[in-house]
Structure formats: structure tokens, C-alpha cells
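Enquirer: The lines below spell out each chain.
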Amino acid sequence: MSVPAELRYTGEHEWVAIDGETATIGITDFAAQALGDVVFVSLPTVGAEVAAGDPCGEVESYKSVSELYSPVTGEVTEVNEELNDDPALINAEPYQLGWIFRVRLTEGAETATGLLTAAEYEELTAAAS
Amino acid sequence: MTKISPVTSTLRDTPLRAVHERLGATMTDFAGWLMPLRYGSETAEHDAVRHAAALFDLSHMGEIAVTGPDAGAALDYAVVGWPSALKVGAARYTMLCAPDGGILDDLIVYRQDTERFLVVANAANTDVVLAELVSRSSGFSGAVVADETLITGLISIQGPNGPGILSKVTDLPVGEMRYYSGAYGTVAGCPAWVARTGYTGEDGFEIFCAPADCERIWDALAADGVPAAGLAARDTLRLEAGMPLYGSELGPDVTPYEAGLGRVVRLDKPGDFVGRAALAARAAEGPRRVLIGLVAQSRRVPRHGYPVLSGGSEVGLVTSGGPSPSLGAPIAMAYVAADAAAGPFSIDVRGRAEPAALTELPFYDRRKRR
Numbered sequence: 001m002s003v004p005a006e007l008r009y010t011g012e013h014e015w016v017a018i019d020g021e022t023a024t025i026g027i028t029d030f031a032a033q034a035l036g037d038v039v040f041v042s043l044p045t046v047g048a049e050v051a052a053g054d055p056c057g058e059v060e061s062y063k064s065v066s067e068l069y070s071p072v073t074g075e076v077t078e079v080n081e082e083l084n085d086d087p088a089l090i091n092a093e094p095y096q097l098g099w100i101f102r103v104r105l106t107e108g109a110e111t112a113t114g115l116l117t118a119a120e121y122e123e124l125t126a127a128a129s
Numbered sequence: 001m002t003k004i005s006p007v008t009s010t011l012r013d014t015p016l017r018a019v020h021e022r023l024g025a026t027m028t029d030f031a032g033w034l035m036p037l038r039y040g041s042e043t044a045e046h047d048a049v050r051h052a053a054a055l056f057d058l059s060h061m062g063e064i065a066v067t068g069p070d071a072g073a074a075l076d077y078a079v080v081g082w083p084s085a086l087k088v089g090a091a092r093y094t095m096l097c098a099p100d101g102g103i104l105d106d107l108i109v110y111r112q113d114t115e116r117f118l119v120v121a122n123a124a125n126t127d128v129v130l131a132e133l134v135s136r137s138s139g140f141s142g143a144v145v146a147d148e149t150l151i152t153g154l155i156s157i158q159g160p161n162g163p164g165i166l167s168k169v170t171d172l173p174v175g176e177m178r179y180y181s182g183a184y185g186t187v188a189g190c191p192a193w194v195a196r197t198g199y200t201g202e203d204g205f206e207i208f209c210a211p212a213d214c215e216r217i218w219d220a221l222a223a224d225g226v227p228a229a230g231l232a233a234r235d236t237l238r239l240e241a242g243m244p245l246y247g248s249e250l251g252p253d254v255t256p257y258e259a260g261l262g263r264v265v266r267l268d269k270p271g272d273f274v275g276r277a278a279l280a281a282r283a284a285e286g287p288r289r290v291l292i293g294l295v296a297q298s299r300r301v302p303r304h305g306y307p308v309l310s311g312g313s314e315v316g317l318v319t320s321g322g323p324s325p326s327l328g329a330p331i332a333m334a335y336v337a338a339d340a341a342a343g344p345f346s347i348d349v350r351g352r353a354e355p356a357a358l359t360e361l362p363f364y365d366r367r368k369r370r
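Chains A and B are the protein sequences, given in the same order.
Numbering of the first sequence is given in this note's numbering, commencing with residue 1 and proceeding in unit increments.
Numbering of the second sequence is given in this note's numbering, commencing with residue 1 and proceeding in unit increments.
To be clear, the hints were calculated from the coordinates, so they are not data collected in a lab.
Just so you know, even glycine gets a beta-carbon here, dropped at the ideal spot from N, CA and C.
Treat the hints with care, since some could be wrong.
[Claimed, not checked] Chain B is faced by these chain A residues, among others (derived, beta-carbon under 7 Å):
hint: 1; residue: G36
hint: 2; residue: L43
hint: 3; residue: E49
hint: 4; residue: E60
hint: 5; residue: Y62
hint: 6; residue: K63
hint: 7; residue: Y95
Chain A with its partners taken away, still in its complex shape (with noise of 0.2 Å):
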């Protein structure tokens, strides 16, 4: 299981990496891993105001149906409508081809609070299995 360390996670098992005023969001490879095979990605609305902790949109798998959450504050100015076509791009390569959304943060926001280190969520996971 690939945990990438320049990349901040969630409890919920979602990754986010911050570069500057944006976040592109993803779910991990621990997540993917345990949904199996992803069949559609219901994709956030770009253009939405979503404020960390938000659901935003679903993750659907042969055998279940997820919330998706934001992470982050902000607005969603981008989606990877590839998962369209190929929403197994997220068991594929979770952390590249399989981003899911983008969020321009807002300023002054405590847009990054509560996001947990690589090691942090390792050790969340290892507790998990």
C-alpha cells in the first residue's frame, strides 16, 4: 500500500496535496484498495463553495456507495472528467490519473486544519487492518 509522504490525508481516507492556493483531492490507495474496483465517480459541481467536511459527491464500487468529502474550504474549479470514462483510474493509480477534484482555497480560511501527515495516516491505517 502506497502512502506518498509529501501529501497530507484524512480520516476519511481521502489524500490532498496543497500547491499554493490549490488542492487537488484524491481518495488512497488504502481506500481504493478496500472499495475494489471504483464504477462511477459522482463528481463535485465545479464552480460549488465547499467548506471542509462537506460531502460533495460519491464513490460508487461493485459493492458499495461512499461519500466523498471536501477536505478543504474553498471552490471546486476543477474536475478530472476522465473518471467518466475510466473511473478505475482510481484503483489504478490513485494519486496521479485518479485525482478526483480541485479546490481554490480560500483566503484566510483554516483551509488546511486537521489533515493528518503521512505517518499520521499510516498509522491509522495499520490500526484498520
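Dock chain B against chain A, hints included.
Expert: Structure of chain B alone, referenced to chain A:
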């Protein structure tokens, strides 16, 4: 993302647990058994069965032997079918019903010898089936009921390449065996009951053997790179094939007629059987609800228990739903009120009505392969 919890409770292992671990399977609790849910990609496992072949461990299934000179008569009384009319080597799909006609389990009955029948039950219902068969055969002095679940392993090879692969490791002329027939022989040198049956909508075989021989048989069948498939793929395969699942389409509150399986109730057989009077009445009145097939027009997946809507009101419930790799769209089976069975339908997928097209079952028929 939601919580992900590991399997922790005490579960029964199949004889193939070491194989599943070696293959890196994701295991799950299924009816008290630790079973492989998938080995990797469900889609790949599903497709392997549709286009080539894959192996399933079905050792959790219940096997109950009914033997003796009265075995056929006892089974004729216990189930809705007519087992005593089967020739040696024949298999039949049948049901065990309650006196009120509700379904207690669906079964495959094999006549393995003149005085020996093997009844295969769902894992979750094995105890119920065993108890009912014991009690229903109590009036037949020449019938003995024995639970053989724990002394029987079950491996299935399903898919169009199944006969060719199996023929290399068995002494049976499997290519010549008829669908829904079985025979004693050897597989990988081990004694086995081999039947041309399955639950996938493809050609295939089920191999009943001693637990100690499971790994040897599995390895022989897997030798040419035949992949394993788990319960998740088994579920989408049977759903595409329109095959009912106990607990979803079938249950104590469902009659065979509602499930579209009235043909398995042999009201024409001689003698009484449990449920006869209630089933005869149900057969005469026509079902109040019917089982239908729906193809979702959206990509959101209908799942068990979702309401089916028509004309703005709820007319039924989804019994099974999932992605269909063969159709490329989500599919569902649902019970709807008989007077609303013409549609048009939508499915309430977590608060949003998604249109769904009525379609004839099965969704997938290998004889009309597209």
C-alpha cells in the same frame, strides 16, 4: 470516504484458505464463512468467466445427503420438485417451501445413485434445510438425512473454456456431459462428483470432493493460468443471468410464483408435499407482485432495498442491483406490484429518481451472445 472495518469475528475457513491468502484475496464474512470477496479487479474476474474461465471456491455451500430406499419419496414430500422422477446422474433446481408456500431455500438436487440424492443448499440456510429435511423425512423409515457440508469441498470452474480445461485433468468425458447432469469420476486423480451446473449464466462445472483434495484439484485447474473469481463477481454474473439469490429475490415472504419460478412447483406430482395446498391456491390466483429486470439510464447504481417508482408513486423495491460489465450499465431486479408491471419506471437512488428501462430477464443470455 466511509469507515473500513476489518474482519475480526470467528469464522469458518474453507479448505482453500491458504490458496486465497497466497492469491492475496480480500476476504469477507459470508454466512459465517471466511470467503474470498475478490482477488483483484471484480471486472476482470467477471470478464474472465464470460470470455474464458475462472475458478470459484464454493465450499461454504451446504451439502446434505438423503439416502435409502425411501430417499426419493421423502424428498418428493419435502421439496416442491419431483426428485424421485430424476434419472441417476440428473440434477434439478428446486425449492424448499414452508407450509404457507413461502420459500425457505432454493436448492440443487443431484441424483447420484438410485438410493442417494445430494441436496445443495445456500450456506446461510444449511441448518434450516437440514432441520426441515430431517423432520419432513421422519415418516419415511427408509430415508436417512446426513449433513455432509464439512466433509465436502466444492470448486467450480465457470466460463466457455471450462470444459476444455477440466477435460485435461479428469477421466470423465466432460465435453459430452449434458447441462444439469453429474457423474462420479476423478479430477487430478482425486475422487469427485462432477456436475455441469453453475450460477453464472455460463457453461461450467461444479466439483464436489474431499476437503483434503481441494488444493490439489484447484492447483490442477489453475495450472494454465486460470484465474480465481470471488463472491463479488459471482454476484454480478448471476445477476446478469437473472438468477435469484436467497435473501434478495427469495425469502419466506415470497412464493415461487412471485419469483417467476412457478415451473419448479410440481403440482402434477403424485402425493402430498409440504406447501401443496397453499401453493396450489397461489398458482390459481396469480401473483400480486412480479419480478422484473431494469437497466439504469444513469450511472448511479441501484442497490438492494431502493424504492422503484412509477407514475410518481412507489410500486416496488430493488432486490438486487449492481454494475453490469457485460451491458456496460447498472442493472437491477425488483419486485413491483403486478398492476404496475408495465412501467415506466425510475429508481429512487438515495433521494433522486433515476430512470430505468424495463427489460426482459435474463439481462445476459450466453446463447444470444452479443
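Enquirer: All hints are to be evaluated individually against the structure, with a verdict given for each.
Expert: Against the structure, the hints:
1. G36: 5 Å, holds
2. L43: For L43/A, the interface hint is violated, since the closest Cβ of chain B sits about 11 Å away, which is over 7 Å.
3. E49: 21 Å, violated
4. E60: This hint holds: E60/A lies near chain B, its Cβ roughly 5 Å from the closest one there, short of 7 Å.
5. Y62: Given a least distance of 5 Å, the restraint on Y62/A holds.
6. K63: With a closest approach of 6 Å, the K63/A hint holds.
7. Y95: 15 Å, violated
The earlier numbered hints that this structure contradicts are 2, 3, 7.
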